[in-house]
Amino acid sequence: MRYDQPQTREALAAEYVMGSLRGPARRRFERLMAKRADWRDEVELWSTQLAGLAATVPAVEPPPAVWQRIESRLGGSRTPAPVRGLRWWKTLAAVTSIASIALAVALVSLTEEPAVGPQVSVLKDPQARTGWVVTYATGKSGRPELRVVVESAAAIADRAFELWALPAGAAPVSLGLLPAQGEAILAVSSQARTLLERGAGLAVSVEPPGGSPTGQPTGPVVYQGKLIAL
Amino acid sequence: MTSRTPSELAELLARTALRDKGAYEALYRATAAKLFGFALRILKRRELAEDCLQEAFVSVWYRAGDYRSDRAQPFTWRAAIVRNRALDMLRASPAQREIGVEDDLESWQSGANAHAPEATEDAQALRRCLDGLPAPHRQAIALSYFRGLAHAELAQNLAEPLGTVKTWIRKGLMQLKRCLEQA
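Sequences listed follow chains W and G, in order. Numbering-wise (this note's numbering), the first sequence opens with residue 1 and increments by one. Numbering-wise (this note's numbering), the second sequence opens with residue 1 and increments by one.
Treat the hints with care, since some could be wrong.
[To be verified] Distance condition first, Cα-Cα at most 25 Å in a straight line; then the derived DMTMM-like pairs of lysine to aspartate or glutamate:
| no. | chain 1 | residue 1 | chain 2 | residue 2 |
| --- | --- | --- | --- | --- |
| 1 | G | Lys166 | G | Asp131 |
| 2 | G | Lys177 | W | Glu71 |
| 3 | G | Lys171 | G | Glu160 |
| 4 | W | Lys124 | W | Glu145 |
| 5 | G | Lys21 | W | Asp4 |
| 6 | G | Lys177 | W | Glu197 |
| 7 | W | Lys124 | W | Asp38 |
| 8 | G | Lys166 | G | Asp88 |
| 9 | G | Lys171 | W | Glu197 |
| 10 | G | Lys177 | W | Asp41 |
| 11 | G | Lys21 | G | Asp51 |
| 12 | G | Lys177 | W | Glu10 |
| 13 | G | Lys44 | G | Glu153 |
| 14 | G | Lys44 | G | Asp88 |
| 15 | G | Lys21 | W | Glu10 |
| 16 | G | Lys44 | W | Glu61 |
| 17 | W | Lys226 | G | Glu181 |
| 18 | G | Lys166 | G | Glu121 |
| 19 | G | Lys166 | W | Glu10 |
| 20 | W | Lys226 | W | Glu183 |
| 21 | G | Lys171 | W | Glu151 |
| 22 | G | Lys171 | W | Glu183 |
| 23 | W | Lys35 | W | Glu61 |
| 24 | W | Lys35 | W | Asp4 |
| 25 | W | Lys35 | W | Glu183 |
| 26 | W | Lys226 | W | Glu197 |
| 27 | G | Lys166 | G | Glu181 |
| 28 | G | Lys177 | G | Asp122 |
| 29 | W | Lys226 | W | Asp125 |
| 30 | G | Lys166 | W | Asp41 |
| 31 | W | Lys124 | W | Glu197 |
| 32 | W | Lys226 | G | Asp20 |
| 33 | G | Lys171 | W | Glu61 |
| 34 | G | Lys44 | G | Asp20 |
| 35 | W | Lys35 | W | Glu197 |
| 36 | G | Lys21 | W | Asp125 |
| 37 | G | Lys171 | G | Glu121 |
| 38 | W | Lys226 | W | Asp38 |
| 39 | G | Lys166 | W | Asp4 |
The set of hints was computed from the structure by calculation and includes no laboratory data.
Model the full assembly from the supplied sequences, consistent with the hints where possible.
Structural data, given as structure tokens:
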């Protein structure tokens, strides 16, 4: 497979967005996409083009109950929930120009350019070296899972790497141990699922073999990343 | 359903990211019907489509900060969220995935769509380009897009060889892309 040929990139990106790319081929594609901006751009392009198909479908008014359920899911209150680093930009929100709003949003958000689809994170150390690539998507079982592929994480003797989800303003939640070599699939609890779908950050800490004995990180955080919706 | 331009929707999304509940509700009022129709097209059953719409909008609330106006139209971005969720739901219930009469291609290209509030130039260009495809290519793409069927499943459902179906989709998509590039 000649991954540098534009035709290959086009064809695979189109199939990926369509959903007809499956199994190992899909995983290979997701890894490539995590590493290369031109592949992410191609996915974005196809997503945009194909989403036009969505617009051809006639509108159907949903029942009022749907909005009520959405509101109650989000707490129903009108006071904004605290968002990391947002406080001093709230005054900016009072200015109505979209440029300043976009700036505020850009500064608040930790993400890179998103595409659309399942989510991918590249876990990097402070020197921007990639340790693992994590993909969060629905597995064959129909349940969400985290697929983790080692990129260049060096094993530390007598130590394990543990992956954590970082919810805003709450304690980290363990997602499981990361492999030192090859690939692994981590099951996702429903608590973790909620956090990941709400855009929680990811971090990797160094732990004793078998993971943290306390349920919270006990060792240093060595890699970090954020899941980006593709 | 109120009608909004793409830049108005982008502003509503940006305000949603800053936790403006009023903007979020305005976003819902402007676009929920279009997205609900889309979810219904994929899932067929109303209860499933309602769940899907609800989950998608909750997701939009939390991920509004990820949206970049230079990368995609607001509707496109959210339609993709709806579709991904709908296809996840479809994969979890195989019985829903059979091709039915409603999947007849011509029915979803009916003239009613020509008056859709979000029939932008892009949407019109897409329809022209779709019309330019051979019917089997168009059908295969539609089934793949709206039902999330993999090549093998398509081949089985259409009673065509796997190679034929793959060719229809690949050639159809490439032709579509070239046509849209010229639009």
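Hints versus structure:
1. Of the supplied pair hints, the one linking lysine 166(G) and aspartate 131(G) holds, its CA atoms being roughly 20 Å apart against a limit of 25 Å.
2. Of the supplied pair hints, the one linking lysine 177(G) and glutamate 71(W) is violated, its CA atoms being roughly 39 Å apart against a limit of 25 Å.
3. Between lysine 171(G) and glutamate 160(G) the CA atoms are separated by roughly 16 Å; this keeps the pair inside 25 Å, and the hint holds.
4. With a CA separation close to 21 Å, the supplied pair lysine 124(W) and glutamate 145(W) stays within the 25 Å bound.
5. Note on lysine 21(G) and aspartate 4(W): the hinted pairing is violated, with a Cα-Cα distance of about 45 Å set against a maximum of 25 Å.
6. A distance of roughly 31 Å separates the Cα atoms of lysine 177(G) and glutamate 197(W); the hinted pair therefore is violated under the 25 Å criterion.
7. Distance restraint check for lysine 124(W) and aspartate 38(W): the Cα-Cα separation of roughly 20 Å lies within the 25 Å cut-off, and the hinted pair is therefore satisfied.
8. At roughly 22 Å between alpha-carbon atoms, lysine 166(G) and aspartate 88(G) fall within 25 Å of each other, so this suggested pair holds.
9. Between lysine 171(G) and glutamate 197(W) the CA atoms are separated by roughly 35 Å; this puts the pair beyond 25 Å, and the hint is violated.
10. With a C-alpha separation of about 14 Å, the suggested pairing of lysine 177(G) with aspartate 41(W) holds against the 25 Å cut-off.
11. At most 25 Å may separate the alpha-carbon atoms for a hinted pair to count; lysine 21(G) and aspartate 51(G) meet this at roughly 21 Å.
12. Among the hinted pairs, lysine 177(G) with glutamate 10(W) is consistent with the structure: their alpha-carbon atoms are about 9 Å apart, no more than 25 Å.
13. Distance check on the hinted pair: lysine 44(G) and glutamate 153(G) sit about 19 Å apart at the alpha-carbon level, within 25 Å; holds.
14. With a CA separation close to 14 Å, the supplied pair lysine 44(G) and aspartate 88(G) stays within the 25 Å bound.
15. Restraint check for lysine 21(G) and glutamate 10(W): the C-alpha separation of about 39 Å exceeds 25 Å, so the hint is violated.
16. Under the criterion of a C-alpha separation no larger than 25 Å, the hint pairing lysine 44(G) with glutamate 61(W) is consistent with the structure, at around 15 Å.
17. Taking the CA atoms of lysine 226(W) and glutamate 181(G), the gap is about 33 Å. The hint is violated against a cut of 25 Å.
18. Between lysine 166(G) and glutamate 121(G) the alpha-carbon distance is near 30 Å, which puts this suggested pair outside the 25 Å criterion.
19. For a cut-off of 25 Å, the pair hint linking lysine 166(G) to glutamate 10(W) stands: about 14 Å separates their Cα positions.
20. Distance restraint check for lysine 226(W) and glutamate 183(W): the Cα-Cα separation of roughly 19 Å lies within the 25 Å cut-off, and the hinted pair is therefore satisfied.
21. Of the pairs offered as hints, the one joining lysine 171(G) and glutamate 151(W) is violated, with about 34 Å between alpha carbons and a cut-off of 25 Å exceeded.
22. Between lysine 171(G) and glutamate 183(W) the alpha-carbon distance is near 34 Å, which puts this suggested pair outside the 25 Å criterion.
23. Between the alpha carbons of lysine 35(W) and glutamate 61(W) the distance comes to roughly 41 Å, so the proposed pair goes past 25 Å and is violated.
24. A C-alpha spacing of about 13 Å is found between lysine 35(W) and aspartate 4(W), which places the hinted pair at or below 25 Å, so the restraint holds.
25. Proximity of lysine 35(W) to glutamate 183(W) is assessed by CA-CA distance (about 16 Å); at most 25 Å being required, the pair is judged to hold.
26. Under the criterion of a C-alpha separation no larger than 25 Å, the hint pairing lysine 226(W) with glutamate 197(W) is consistent with the structure, at around 11 Å.
27. Between lysine 166(G) and glutamate 181(G) the alpha-carbon distance is near 22 Å, which keeps this suggested pair within the 25 Å criterion.
28. Simply put, lysine 177(G) and aspartate 122(G) have alpha-carbon atoms about 12 Å apart, close enough for the 25 Å limit, and the pair holds.
29. Of the supplied pair hints, the one linking lysine 226(W) and aspartate 125(W) holds, its CA atoms being roughly 13 Å apart against a limit of 25 Å.
30. Under the criterion of a C-alpha separation no larger than 25 Å, the hint pairing lysine 166(G) with aspartate 41(W) is consistent with the structure, at around 23 Å.
31. Between lysine 124(W) and glutamate 197(W) the CA atoms are separated by roughly 21 Å; this keeps the pair inside 25 Å, and the hint holds.
32. At most 25 Å may separate the alpha-carbon atoms for a hinted pair to count; lysine 226(W) and aspartate 20(G) meet this at roughly 24 Å.
33. As the CA atoms of lysine 171(G) and glutamate 61(W) are separated by approximately 36 Å, the hinted pair breaks the 25 Å bound.
34. Restraint check: the Cα-Cα separation between lysine 44(G) and aspartate 20(G) comes to about 33 Å, which exceeds 25 Å; the hinted pair is violated.
35. Among the hinted pairs, lysine 35(W) with glutamate 197(W) is consistent with the structure: their alpha-carbon atoms are about 22 Å apart, no more than 25 Å.
36. This hinted pair does not check out: lysine 21(G) and aspartate 125(W) have alpha carbons roughly 36 Å apart, beyond 25 Å.
37. In summary, the hint linking lysine 171(G) to glutamate 121(G) is supported, as the alpha carbons are separated by about 24 Å, within the 25 Å threshold.
38. Pair hint lysine 226(W) plus aspartate 38(W) holds up; C-alpha atoms about 19 Å apart against a cutoff of 25 Å.
39. Distance restraint check for lysine 166(G) and aspartate 4(W): the Cα-Cα separation of roughly 22 Å lies within the 25 Å cut-off, and the hinted pair is therefore satisfied.
Hint compliance for this structure: hints 2, 5, 6, 9, 15, 17, 18, 21, 22, 23, 33, 34 and 36 are not met, and every other hint is.
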